[in-house]
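Enquirer: Residue numbers (this note's numbering), protein chains in the order written: chain D, 6 to 324; chain R, 6 to 324.
A few of these clues could be false.
Unchecked claim - If you want the footprint, here are the derived chain D segments under chain R, 3+ residues with CB under 8 Å:
# : stretch
1 : 12–24
2 : 30–37
3 : 151–157
Claimed, not checked - Listed below are the simulated DSBU-like cross-link pairs for lysine-lysine, each with C-alpha atoms no more than 35 Å apart in a straight line:
#  : chain 1 : residue 1 : chain 2 : residue 2
4  : D       : Lys301    : R       : Lys79
5  : R       : Lys60     : D       : Lys301
6  : R       : Lys60     : R       : Lys79
7  : R       : Lys79     : R       : Lys259
8  : R       : Lys259    : D       : Lys60
9  : R       : Lys60     : R       : Lys301
10 : D       : Lys60     : D       : Lys79
11 : D       : Lys259    : D       : Lys301
12 : D       : Lys301    : D       : Lys60
To be verified - Sample of chain D residues with no beta-carbon within 12 Å of chain R, all distances over it, derived:
#  : residue
13 : Asp49
14 : Asp63
15 : Asn146
16 : Pro162
17 : Phe205
18 : Glu239
19 : Val246
20 : His287
21 : Asp288
Simulated from the structure, these hints should not be mistaken for laboratory data. Glycine included, C-beta positions come from ideal geometry on N, C-alpha and C.
Number of protein chains: 2
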Amino acid sequence: MAVYTEVSDEALAAFLAHYDIGALVSFKGIAEGVENSNFLLVTDRGPYILTLYEKRVDPADLPYFLGLMQHLAKHGVTCPLPVACRDGALARELCGRPAAIVTFLPGVWPRRIRNEHCAGVGAALAQLHEAGAGFALRRANALGPAGWRPLLDRCLPRADTVREGLAAELEAALGAILALWPSGLPAGHIHADLFPDNVFFLNERVSGLIDFYFACTDLYAYDLAVCLNAWCFEADGSFNVTKGRLMIAAYEAKRPLSAAEAEALPTLCAGAAIRFLLTRLHDWLHHPPGAFVTPKDPLEYLRKLRFHRTVRGAADYGR
Amino acid sequence: MAVYTEVSDEALAAFLAHYDIGALVSFKGIAEGVENSNFLLVTDRGPYILTLYEKRVDPADLPYFLGLMQHLAKHGVTCPLPVACRDGALARELCGRPAAIVTFLPGVWPRRIRNEHCAGVGAALAQLHEAGAGFALRRANALGPAGWRPLLDRCLPRADTVREGLAAELEAALGAILALWPSGLPAGHIHADLFPDNVFFLNERVSGLIDFYFACTDLYAYDLAVCLNAWCFEADGSFNVTKGRLMIAAYEAKRPLSAAEAEALPTLCAGAAIRFLLTRLHDWLHHPPGAFVTPKDPLEYLRKLRFHRTVRGAADYGR
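One chain only, chain D, in its complex shape (with noise of 0.2 Å):
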């Protein structure tokens, strides 16, 4: 649920007075997506999603973010395409915040994961991954193993009153995933947070991909790690292994695996597992009491990661 900043007519009417997209028909804080502010608005050409970037995003990452949306739109992907200004910006202050206006794209986002959105997510990653390529701009991954320690670092003083024993074994864990963490794989754009809520479907099929804003240049495996852990564990905890066949397929039907990244799985999906973890434990941690916004179960996470510590190797995902 996320509007954190309340957006007045007149601050409105003088933001849009800088964008040739018709005249306000209606305007509504939108109860989706955590870091940001979105409103879904309305002119006489049709309907758009307006986002006030709050505190979370760096305003010197709009560039990136914007343009990989453009450039993916551009190339295939049905992403969120930013609207220009008169002046060409991609991006413009609204009450003290950076914010942008993006096309509105049809669908709905799956609450409860079915097979076949396994597979529509593994080609839709694959198709982003291969549209991203010839983007010119970088951003490093900030949540990328090279930030796991210093976030752990935050953590470790008070993990054990979430959970008797957290820290040692996050510490272990860490250690242990850094050490293997592969190098020389294939890397390019990724999305970084494709979980369900941020993938749209229609009529079973993939209407949409949003929020890119963790996209980086990192390692294109490390992204369906991310996928396997966002999609195809069951809410008991169990790594449904259906599910991660099909996703990996329709992955690998368009982007196949080299054997070095079929080899480094287990060790990119620990990792992915200990990265939101990791997040989730210092929200859980920092966040103030009574705060907007409720933080998300850590363990969730740690139940993955234990699972990715026992399994011997690809094919355990379903490869």
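Dock chain R against the given chain D, drawing on the hints supplied.
Expert: Using the frame of chain D, we list chain R on its own:
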């Protein structure tokens, strides 16, 4: 900000199968409204609003609320029109709650109230009162004068924790208001909650009235008193008599107040102030820590109540 209930794809699909409104295109939670869960529902025929009625709405009242909206829309009020199921029902269950689909209204509610808005609201309110005549159902005002004493009693023990002396001040004010409460004034269907976030404007004109879930059968002039409270005070607590004059004049251009209604205006305004003061105070004192919705400041309405108790007659509101 309100989405209290997560609606799964399957539940939504099964629900929509009862309606003849086209194929689903989009479904997003809306961060507006406090009492219910609201969603933007787009089909290939256009946008709709889906509302899930949460615990504060008595399902037995839905025929009144939805029937009134239907009646008003038929008589020229731009309010949401409930969409009937194939079997004719205006509401049916979704995720264990009563739910209804209504038409989407264009417009934006004003975050900062300008004088023109007050004239528009006055005219729209009179039109609503006139259009409601002929609607046969009735609903007592659960938050009318008869409900204020029990509300106050539940707040008294801890009222002074909010402000020293508040309990005694509210006791005295409520006694005085109830002693002067008028009888025999013209009554009919009223909105009873026509705050700025329930009135949409487009190009300075009222484009729609929403949220009829406090509507009831009560004094017309009390509804005007609610609006004077909600629209005509400035942020510093002062009453803006220009706004009051514009609102009352626009109302009277369509539905002139009787001498008795005008005379009762200070009491009705004080009553409207104590009504919102008491419900806000109740929510303030009784909301669970970490609750989802931040309760509204009850003291805003204490300042308004004090103003009304100094007023000598309708002229002080700009009549």
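Enquirer: Against this structure, judge whether each hint is valid.
Expert: So, going through the hints one by one against the coordinates:
1. 12–24: Answer holds; 5 residues pass the 8 Å Cβ test.
2. 30–37: holds (count 8)
3. 151–157: violated (count 0)
4. Lys301/D - Lys79/R: The given pair, whose Cα atoms are some 46 Å apart, is violated under the 35 Å limit.
5. Lys60/R - Lys301/D: Status holds; Cα separation ~25 Å.
6. Lys60/R - Lys79/R: holds (29 Å)
7. Lys79/R - Lys259/R: Holds: Lys79/R and Lys259/R sit about 19 Å apart, inside 35 Å.
8. Lys259/R - Lys60/D: The hint is violated at about 49 Å.
9. Lys60/R - Lys301/R: Judged against 35 Å, a Cα distance of about 19 Å means the pair holds.
10. Lys60/D - Lys79/D: holds (29 Å)
11. Lys259/D - Lys301/D: holds (33 Å)
12. Lys301/D - Lys60/D: Holds, because 19 Å separates the two Cα atoms, which is no more than 35 Å.
13. Asp49: violated (9 Å)
14. Asp63: Since the minimum Cβ distance to chain R is about 24 Å, Asp63/D lies beyond 12 Å and the statement holds.
15. Asn146: holds (29 Å)
16. Pro162: holds (23 Å)
17. Phe205: violated (8 Å)
18. Glu239: About 15 Å separates Glu239/D from the closest Cβ of chain R, which puts it past 12 Å; holds.
19. Val246: holds (23 Å)
20. His287: Non-interface label stands for His287/D: nearest chain R Cβ at 19 Å, farther than 12 Å.
21. Asp288: Answer for Asp288/D: holds, closest chain R Cβ roughly 15 Å.
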